[in-house]
Structure formats: structure tokens, C-alpha cells
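Colleague: For this one, chain A is given, so just place chain B on it according to the hints.
One line per chain: the protein sequences are A and B, in this order.
First residue of the first sequence? That's 196 in the numbering used here, and the numbers climb one at a time after it.
First residue of the second sequence? That's 196 in the numbering used here, and the numbers climb one at a time after it.
It is possible that some hints are incorrect.
No copy labels: a pair is met if it fits in one copy or bridges any two.
Simulated crosslink set (BS3-like; lysine-lysine; CA at most 30 Å straight-line) [what the hints assert, rightly or not]: (1) Lys251 / Lys265; (2) Lys200 / Lys265; (3) Lys512 / Lys580; (4) Lys386 / Lys251; (5) Lys436 / Lys420; (6) Lys644 / Lys512; (7) Lys407 / Lys420; (8) Lys512 / Lys584; (9) Lys407 / Lys376; (10) Lys512 / Lys200; (11) Lys376 / Lys512.
Bear in mind the hints are in silico, worked out from the structure with no lab data behind them.
This structure is a prediction, so every number in the text was calculated from the model and none was measured.
Listed below are the residues making up each chain.
Number of protein chains: 2
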Amino acid sequence: MERIKPHTLSGFMELLPARQAVMDAVTDTIRQVYSLYGFTPLDTPVIEAADVLLAKGGGETEKQIYRFTKGDSDLALRFDLTVPLAKYVAMNYADLSFPFRRYQIGKVYRGERAQRGRFREFYQADIDVIGDGELDIINEAEIPSVIYQVFTRLGLTRFVIRVNNRKLLTGFYDLLGLSDKSAAIMRAVDKLEKIGAERVEAILTDDLGISKEDAGRILDFMSIKGSNREVLAALEAYRGKDPVLDRGLDELRTVAEYLGAFGVPEANFALDLTIARGLDYYTGTVYETVMTDHPEVGSICSGGRYDDLAGYYTDRKLPGVGISIGLTRLFFILDDVGLLSEDVPSAPCDVLILPQTGDRSGAAALATALRAAGIRAQLYAESKKFKAKMAYANRLGVPFAAIIGEDELAQGKVSLKDMGTGSQELLTAEEIVGRVSAALAGRAVKPIKE
Amino acid sequence: MERIKPHTLSGFMELLPARQAVMDAVTDTIRQVYSLYGFTPLDTPVIEAADVLLAKGGGETEKQIYRFTKGDSDLALRFDLTVPLAKYVAMNYADLSFPFRRYQIGKVYRGERAQRGRFREFYQADIDVIGDGELDIINEAEIPSVIYQVFTRLGLTRFVIRVNNRKLLTGFYDLLGLSDKSAAIMRAVDKLEKIGAERVEAILTDDLGISKEDAGRILDFMSIKGSNREVLAALEAYRGKDPVLDRGLDELRTVAEYLGAFGVPEANFALDLTIARGLDYYTGTVYETVMTDHPEVGSICSGGRYDDLAGYYTDRKLPGVGISIGLTRLFFILDDVGLLSEDVPSAPCDVLILPQTGDRSGAAALATALRAAGIRAQLYAESKKFKAKMAYANRLGVPFAAIIGEDELAQGKVSLKDMGTGSQELLTAEEIVGRVSAALAGRAVKPIKE
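Just chain A, same shape as in the assembly:
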């Protein structure tokens, strides 16, 4: 037979079993948190009609899209989970109850240039709250709590959720009479951390033709820093000059005020006026999340408030707020900076059963009893030397081996070997269920170590 060399495409993550177990632990944690906050799971197709997916049109993503025909159909693979959500909500408007809170964890596709840490197929884990016509500010105040719980439960402690409000920025540029340049100014200010105040000022004056005085005002505004109380106090100096700015300030104050009630410590939260979130899409609160010890990787969870989810499908006003975690990239980064725990249980079973006799029905019955008790059990029935069987158990990282030889059969018992300590005991099946259940309880390990 002619043989083809098996390979996986570059830019596509495919993990070995032990790593996949850690990835699954990360995904499960995110799913659990999203569920706790009352988001309902959705599952939309990976393939959509190209005209539907590209209704919003243009943009940088369009070049990256996997688009192809099948028969007469012009098709495309989804490149995010937001456009499919917009389609879903516009289509099913009459059947949904608003606010509509959904989470979706699924693969999306972007044919980016292949490079380390960039993926062409990757998971996004999104939540969105969609209002019908309007949406209370409390929904924006709740989002930092979701982010905080996700990362805390994953095992990360050293992270900061940075929050800003786009209305503050819009109002401020209005005040300076620079509204028409606000997008360009925001792009320049976005680089503050990377290139410093001096070079941003140069861009503002030289490239954008802003007066030195206004450039100074912009940089003064952007350099407001400190505790929530300090930032809000400094911003009060701007109150009363522009209605949009005032509204942004009220919203930001509300978000900060509810932090405590939503269980977010101030240490994991910062009001940061430099956050704008590139897209023109956002209109209110915006979020970024950075790892304190790894600012170089950028935001690991971002999002914000928008006014118009599905304007290209419907004339209904559907405002919302949402966040997205680039799960595949996050996993790659955590692995890369050495933050993935080696202690997450990754064995495919809790007990490996090793029959040493011709009749394996006792072994099969033990497997059945363990599974009925919720214990993951595997029967290893291959004809191998005992040493090879133990080597297999060790390679899989199985916590317990249950050995059934002639002696054990004669006594109606099983030898349970704790693979960690090496100790071995002769027990009944019932005793094994109790022993293993007790050992497994509280064995949960967070996927991120610090």
C-alpha cells in the first residue's frame, strides 16, 4: 500500500493525551463559571453562508477568512463567535427572552500568517448579555466579576482587570473639539505603554496636527492613575463640561462601586483611561485583562459594551456587553511561560485492573462495580509480563492498580496498589470502592500554578 506521511497542519493545535487533559480542565472551569453567572450554552455551525458571515463586510479579517464553494453555495468558516451570535439573535428574536445571556465555547478560523503562538484554528470562549432596546449598567458592572472568577478558579492570582469607559474618551475629545480625530488619537494613545509619552506626543502633534497644548491635555488625561477612588476623584475635575463625558464618568463610578458586592478585590482591578479596545464597536465600559508578571503577552480576556449587535441583519436595536477569551492562545501562553500545573490528573482512569489469570470475569466484575460507584476503571487484559503491565500503569500516571491473581481469586479479594506510595493491600471490591473514592475526593488541582 502506498503510504502517506501523517501530519497535522501548522497553526492547528493538537495535544498529546496528558496535555489535552489539562486543556479540558481549563475549558471545564470556564464553562462552569459562565454557567454560574446564568449564561445559557449555544452551539452554532462552524460553516455559514458567506454573505451572512461577511454581512458586516470589509475589515482586516476578511483576507484571513476560509471561504470556499460547495456545489452552488458560497460558504465560509466562522472567524469569531460574535457574528454568529448576531445572526442567531436576529433570526430567533421572537423566541428569545431579553436580556439574553449566552455563552459559547467553540473553534473559529483565521488563515493568519503562520508563526509561533498564532493559530489558524482556535477556541474562543465568549459570553454576551444582549438587551432588547436597552440594557442596564449593572450588566457592565458584573463582567469584572466573571473575569475574576474565571482566572481565580483556574489558579491565577497575579492578574489585573483594566477597565475604562469609551464615553469618557468620546466626551473628552468632544471637549477639545477633536471628535473627528478621536479614532486616530485613540490608536496613538493605545501605544502609550509600548512607546512612551514622548513619542505618542510626537504622533499627536506631527502626524495628527494637534496643538502642543491639546496634546498635553490628552496626555494629562491619560496619565490619571491610582486607586479607584483617586482616579474617580481626578476625573471629577472634568465634570460638567460635556454630557457624554459626564455619563461615562457616572457609568465608570457605578462599575467601580459594585466591585465589592460582586466579590472582586481592588487588587485585581484598575481603572485605566488608556484602554480603548481598538474596535469602533464599543460604546461604554471596556475591559482588558493582563497577567501581572507577563505584560508582554497582552490582554488574555477582553471585551466591552456595544450599542448595536446586529445592525446588518435587523433594524432592532440590540445593545450588549460581552467578553472573549482566546482559549487556544491562552493555553499556549500559559504553557510557554511555565504556568501550567504538572499536577492536574491526566490519567485516563483512576484504577487500572490487572487480571493475572485466564478467567477475567472477576476483573470485569470489579471494573463494573468501580464504574457504578463513579470511579473511572480500565481493564488491562493483554498477555504481558507483570513488569510491562506496571510500566504501562506508570506511564499513564494511574493512581491505583488492582491486581487479581490466583491467590486473590481464591480469597475473593483484590490487591490494591497505590502507585504513588507503592504500598499494597488485600481488599474486597467494596473496600476498594471506599478507599479509592476517599483518595480521589479533593484531588482537584487548578490548571494554573504560580
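Modeller: For chain B alone, coordinates are given in the frame of chain A:
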């Protein structure tokens, strides 16, 4: 703005939230059972290089494949989970421990002609046990137990796992000197149930040129029916005439013998010599699963033993045994025949919190306390009349509403309304956690009703 009509492609399942919750319950149950049997989760890409995916070549599926180019790459969407498994095992052979037991639940793609109940994007839920060179028969004997647990835990009781062994058939045709016609004979025999013995006999004699005597022998053999004991006894009459038939009989006997130890009642199991599983791929035990009251839908879980998983990638002999559930089709069928339970909890939260005052920090704190206790909570903070809020709670099917008005705030308590009974009590946050936790415990409902 120009508006595009939002739509989802035909042949792609996209569910409303309440139905999605049931689908997720089905998927979770399958995942849990697969885990209990010591299968490790894998996640392979949806897109593969076309030469890799089509290495096996030809076949009916090839026309259905979604194949396209991106840049210089010839790509294709996976059409099953078996070829990606073969690729994975051949590629990662040195890093895997054998027997290698994996499960994968993922979407696959086939551009079939659109018709009711046929999907172009659908989930498969597969398990396979892969041996290195050899694989013990116990692995084949264990599979009915996995199938039994999956469907029992889903809530189905009226189903039968039909089992045969391909060696029995191969050996029997050898015996008649009809080996060269065995594939065609099996295809004819496969229709026994649909078209009856007379018409199958006509195909055998008229189309395949088999003597009337041999056709009678074939139909006699195929009509062996009864309890496991009766079928095996009848088959013993054929022993000693062909070594392959003898081996098949031994294997079938072993599979039947271990049923009890693996916890499979005889009522859910039948030895059935007419099962062949179309593909040439299978070489030993083969499985089909039929719903007793709905034979018309065919097999809802099939598979078998094969000798050569990855011959087109590697010269290593990798025998295995596996089964596959076409999850999307199964869900469609269960819905179609009215077997999906309406009682599966599908609300996005367990407690909907309704603040009736301007300050919602008490409501936020209650949400935080509930979530910390593992209770799914949602804050409904929109400015609506109380009646509209209750209508929202009812539409979502939320089991509890927690109302915080001025009176409640003054007493530091919350009114908990049981949406099912309509009864309402004034309680502390702590009491609410206790009350709701108790109500939710044991609320699990199987997704299939009968």
C-alpha cells in the same frame, strides 16, 4: 445600512436555548460514560491536509467531502473521527501507551444531499481501543457494556445491542467455497429484515449465481435465532469444519460469556448472525444498536473490531475496536419520535434575582453568595414592571426568583419565590443557599423519557 437576511444553512443543526440544554445533557452523559471506561479525551483539528485525510482514498464519502484551497494548501474538513485518529496514532506512536483508549466527541462534515434528518455538519461521539500488534478479545467483550451504560443513563430502556462476529461469516462462506462472493452475499443478507428471505434467496441465486442448495444453507445459517445459549448451541453444529469459523465462534462465545460480569442484561443483548456492518474494514466482533420500538431508524450506535487502523500511514499493525454514535442524528430522531424529555432543566440559572430598589448592591451580593455556593444565579436589573420580570422568569423556566424590595432591604432579608408552587418566604441569604441547594439536589432528569 444594507441589511442581509440572517439564515442558517440547511443541513446544519442550530438549536434554541432550551433544546440546546437537552442536547448538552445528552453529550455530557456520553462523555461521562466514556470517561468511566478509561477512555482519554482527544481533540483533533476540523481541517486537515487533503492528502492526509484522503490517504485511504476513494469510496462514497469522497464526493461528499468539503475540500478547498487556502493559499497553496489543499485542505479538507474531516468527514469522520476515525481517519484523524489513525493519523494521530501513526504520528504520535512513540508518545502513546498501548492499548491506547481514546474518546472524541466532535463535529464532522459531509456534503450530503439535503433531506430531512440528514445533516451536513454533525457530531460523532467515538471510542476506540487501539492495540500495538495485538489486542485481547476482552476489549471486544467490554464494548456492549459501554453501549448499555450510555443508553441506560440517557434514559432509554427498550433497546437491543446486536452482536455478530465477522470471522463466523468469513469462515462460513469459506466452507461453501463462496469466499469470492462473500461481500456481495453479505450485502444481500443485510437486507433480510427489509425485504424478507424469499427475495434475498432470489438475489443469491439469480443475481449471484449461487446454487439453490447453497442459498438454502446461507438462509438456514442466517436464521439461527434465540437466546445466547441457543444461538451458540446451534453454531456448535458448524464447529470443526473451518478454522476461521471456529475462531469466530470462540470469540462470540467469549463476548457472550462476559456480558454478566460487565453488567449487561441479556434482555438488551442479542447474538444476530445477520449483522455484518457493510464496511470491509471490520474483522471480528461487530455491533449495532436498535431501538425496540423504532426499528425503522436503524442502528443508533455501531462499530466493531478491525485489524488495521492506519495501514495507509504506517507499516505498524494497529488493530482496534471502536464504536460511534451519530449524536446529531440521534438527537434529531429522539426529538422526532417524541422521546426527548421536557423535564430536563433548561433554565440558564437556578435563581433569578430581582432587585426592586435603586441600589442593587444587596442583589449583587446575593448573586455572589449563591454563585460561591455553586448555585447558578442571574441578576435581572432592567427597569421593568414587576409583572414583566415574573413573565421573564416564567419564560426561562427558572425554578426560583429572589425578590429584594425596600421591605426586604430594611429587614436584611430576601423573598424567595418557588416558581413551581408559587409559594414565597422571607429568608436570609444563607437560608436561601440552603433551601435552593436542597431543592436542586437530585433534580437530575434523564434526557430520554419512555
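Colleague: Please go over all the hints and tell whether each is borne out by the structure.
Modeller: Quick rundown of the hints versus the structure:
In the homo-oligomer, the alpha carbons of lysine 251 and lysine 265 lie at most 30 Å apart both inside one protomer (23 Å) and across protomers (22 Å), since each shortest distance falls under that limit. Proximity of lysine 200 and lysine 265 under a CA criterion of 30 Å is satisfied in both settings, with 27 Å inside one chain copy and 21 Å between copies. Within a single copy, lysine 512 and lysine 580 get their C-alpha atoms only as close as 69 Å, which misses the 30 Å cut-off; across copies the closest is 21 Å, which meets it. In this assembly of identical chains, the alpha carbons of lysine 386 and lysine 251 lie at most 30 Å apart only when taken from the same copy (27 Å versus 52 Å across copies).
In this assembly of identical chains, lysine 436 and lysine 420 lie within 30 Å of each other by CA distance solely inside one copy; the values are 21 Å within and 90 Å between copies. In this homomeric assembly, lysine 644 and lysine 512 never come within 30 Å of each other (Cα to Cα): the closest approach is 43 Å inside a single copy and 40 Å across copies. In this assembly of identical chains, lysine 407 and lysine 420 lie within 30 Å of each other by CA distance solely inside one copy; the values are 22 Å within and 94 Å between copies. Taking the shortest alpha-carbon separations for lysine 512 and lysine 584, only the inter-copy value of 20 Å comes in at or below 30 Å, while the best intra-copy value is 63 Å.
In this homomeric assembly, lysine 407 and lysine 376 come within 30 Å of each other (Cα to Cα) only inside a single copy, at 15 Å, whereas the closest approach across copies is 91 Å. Taking the shortest alpha-carbon separations for lysine 512 and lysine 200, only the inter-copy value of 16 Å comes in at or below 30 Å, while the best intra-copy value is 52 Å. In this assembly of identical chains, the alpha carbons of lysine 376 and lysine 512 lie at most 30 Å apart only when taken from the same copy (27 Å versus 67 Å across copies).
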